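Trainee: As a plain string of letters, each chain reads:
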Amino acid sequence: MARHVVGLASAVASGERLVAEVAGRKVVIFNLGGEFFGLFNRCPHQGGDLCLGRTTGLVEAGSEPGEYSYTRRGEILRCPWHGWEFDIRTGKSRAEPGRIRAKTYEVEVKRGAELFDGPYQAENVQVKVEQDYIVVEV
Amino acid sequence: MSLPAQGAIDCDLHPAVPGIASLVPYLDPQWADAVSQRGVHDLESTSYPLRAPLSSRPDWRIQGAKAGSDVAQLGKQALDGFGARAGILNCLYAVTTLFSEDMAAAFARAVNDWLAAEWLDRDPRLRASIVVPIQSPMLAAAEIERRAGDRRFVQVLLPCLSDQPLGRRSLWPIYEAAARHGLPIGIHAGSTYRHPVTPVGWPSYVTEDYVNQAQGFQTQLTSLVCEGVLSKFPNLKIVLIESGFTWLPAYLWRLHKYWRGLRMEIPWVDRPPPNIIRDQIRFTLQPVDAPVDGDALQRVLDQMGSDDLLLYSSDYPHWQFEGQDALPPRLPDSLRRKILIDNPLMTYPRIKEDFA
Chain A
1 MARHVVGLAS AVASGERLVA EVAGRKVVIF NLGGEFFGLF NRCPHQGGDL CLGRTTGLVE
61 AGSEPGEYSY TRRGEILRCP WHGWEFDIRT GKSRAEPGRI RAKTYEVEVK RGAELFDGPY
121 QAENVQVKVE QDYIVVEV
Chain B
1001 MSLPAQGAID CDLHPAVPGI ASLVPYLDPQ WADAVSQRGV HDLESTSYPL RAPLSSRPDW
1061 RIQGAKAGSD VAQLGKQALD GFGARAGILN CLYAVTTLFS EDMAAAFARA VNDWLAAEWL
1121 DRDPRLRASI VVPIQSPMLA AAEIERRAGD RRFVQVLLPC LSDQPLGRRS LWPIYEAAAR
1181 HGLPIGIHAG STYRHPVTPV GWPSYVTEDY VNQAQGFQTQ LTSLVCEGVL SKFPNLKIVL
1241 IESGFTWLPA YLWRLHKYWR GLRMEIPWVD RPPPNIIRDQ IRFTLQPVDA PVDGDALQRV
1301 LDQMGSDDLL LYSSDYPHWQ FEGQDALPPR LPDSLRRKIL IDNPLMTYPR IKEDFA
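Protein sequence lines correspond, in order, to chains A and B.
Using this note's numbering, you'd call the opening residue of the first sequence number 1 and step up by one each time.
Using this note's numbering, you'd call the opening residue of the second sequence number 1001 and step up by one each time.
Chain B with its partners taken away, still in its complex shape (with noise of 0.2 Å):
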């Protein structure tokens, strides 16, 4: 039988740090001794909550141990059970919830290491996006650069939601230190939870923060394109990762009225939005938020207007489909070989380097 995923590349996978103890041996010894003697406790947010059945498909909990702790398993579950030849990983490890630049600067330089010891290092098929401290915009370039000689660093990772809009000039130095290195930006759900996490104020509710995660990514992409980012870094790519991706035709129309009457005020978007989305934006395949009956989807990816912009992922641990359904049924066969194979390589090109 052939596997659903056969060959592809699967871009967003979780690693999750067992504990802050893990973590220690790669911390700076000063570093290191504040977590015992401040008692810093596990930086997990509260994006997903370990318990919450969107944080874990039940078969791929562990006992005793967060699910997605367990590289062996991840091997197993998420790139054999599904056919993958590579995957990233993508830790979500709360490192951009801290007050301290400077404790996030340390905190990131331990979760990369950590990464690149106890997952790169033993499973070949693996690769990372940095952790950065996105509190310093300095500091942040200052770990890209660090990090981006082990050409197994694929990406660069920034929380969907943060102090600012993510088109902001001040944090430039990451974009420029990215595209110098030919790293994409990869933007994750989540947030630093310094501000609410929707537009109106702070909600009660797990669903309300995740559901508004869309809206978010929706706001940091018109920040990414009005603030000129997209036209500072024309060779940049930029993916966003576990945003849905079905709402992208409404919001391009949007976006593409309202520049036509108000052009003249971000000149240096000097093309309709949405053609330097295509070009530039990449959306990771799940959540796919569309019913599995009917052609409903296969009209989005038509709106969509590019075969380019998907590229496979489980988000495995997260509990987006079930079983071996983790593509929607029905795809065009070279639609299906673009999102698995094609539009991951031109994506990365240190995946391409490695896994063409």
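Just chain A, same shape as in the assembly (with noise of 0.2 Å):
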């Protein structure tokens, strides 16, 4: 596993979303209240780009058929394609959870100097080191 850094978390709001490419691959990290979650930007179905899906709340059933309980919104992403829900916390589809998931990957937020802490950093470290950056892991 690798990390690789993807850009400043004050640039992804909350609500927001940021499309990275890391290691090749794209990534679409979600900002949950300031809670940072990766997905790849892969649907496990077929393949549609997560990250131009919309985001909605999580919706089960209430105590009665036509009963409906609506929760976590913004939480739920939704497949561009074919509309299948994942949450974005776990990657789950909210479908079958036990049988189906987006990948996810670990996503932090690290300290600039907890990541450029080697003396061929000073400049960036002067820059940067008061900043909070997004960092992958895959």
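Source of the hints: derived by calculation from the structure; they are not laboratory data.
One should not assume that every hint holds.
Claimed, not checked - Straight-line C-alpha distance at most 25 Å; calculated DSS-like pairs for lysine-lysine: (1) A:Lys26 with A:Lys103; (2) A:Lys92 with B:Lys1257; (3) B:Lys1257 with A:Lys103; (4) B:Lys1076 with B:Lys1352; (5) A:Lys26 with A:Lys110; (6) A:Lys103 with A:Lys92.
The structure presented is a predicted model; accordingly, all values stated were derived computationally and were not measured.
Take each chain as given, in its own frame, and dock them per the hints.
Mentor: So this is what it looks like as structure tokens:
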């Protein structure tokens, strides 16, 4: 597993997404209220670009048919091709979470100082050490 | 020689009401008099025209009377003839085509009481489905309550095509009553003939009517799944009778596929529809819409994904097969036994009580 810096955390506001290329593959990173999650940009169904999908909330059954529970607005991604839903936090398909999932990867936010601590990064450190970076591990 | 359906429970037999006069003794006095005063004619729908080949096998016809109108002959031909131990009577007298809710309820009561007295009392191997006035879910539920105490009534009978999709909540009193008494819902081919029997309008020919019943069943199955009937009543079994079943694999694929993308519309369908259908829906055997040669039928059975789905039926007196060929050839022995005996017993608790 290698770690890749894909951008500044401050460039992706809450509710927004960032598409980046990591090790030759497109990934899409979501900021859910300050937490970052990532999916490979490929629907496990037929390969649709997940980065183009709309986000929605989680629709679950209420106590009776006809009653809905609607929670976690913005945390479910629908593939633009066939509307399959994926939980951005886990990659799991909402329809069949045990069977189908979009590939996720580890996303973390690191202080600049943690990343650029070598002697040859001095200039960057000076500029960016106060900022946070999005780091992807694939 | 062993009979083709030895020990079976035949889940689709059709007793014919000989004529409107046969019901008069079982009608409330007001309705009995109305039959003569209004000149109420025989309630036969156009589903099974009396002389159409489908309506009766030639060797099961009765000279001068409707096929299926003789209890002794039905017992001899449909049960003795194939070795069946018991059979379920699905009376298709066209009570469901009446426009008056009250008249339909009166005739449903009469048909059920006629079945009990003229059929169930005369042959202890016979069981029956409760005919209900679907025109009024409230009165239909009341008829289920009235008849459920007689445990020879083992199912509630609904027509495939009626005024609205069968999943609609206005019909749920029927499902509640059935579930409360452990009665499966049997949906039989047929229509109330209020609406076209195809999705695109009225056809011209009886062939079109009968062939398109399969699409009607698919529509109702989709409705029952999507509207949440099967989720709301997880112990309710629904039997599609005379529906055919070889369309099921392609249908399941389509429903599953669109559910994956549109699940959020119907979140009470909280697991793949094919799984729900395999748990709660059953199909009677005849008609078998598949070639008898080759392995086409076996492939369809494999694709259905469960050995629990089919229930033996002769569909007596309807003409679905020749001679003794009530079962498709070359069924694996284990599946054959399930279709004939185990699946009906698992589907009908009241049959199991008496015939296990």
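Trainee: Hints numbered earlier in the text: which of these fail when held up against the supplied structure?
Mentor: The structure conflicts with no hint, since it agrees with every one listed earlier.
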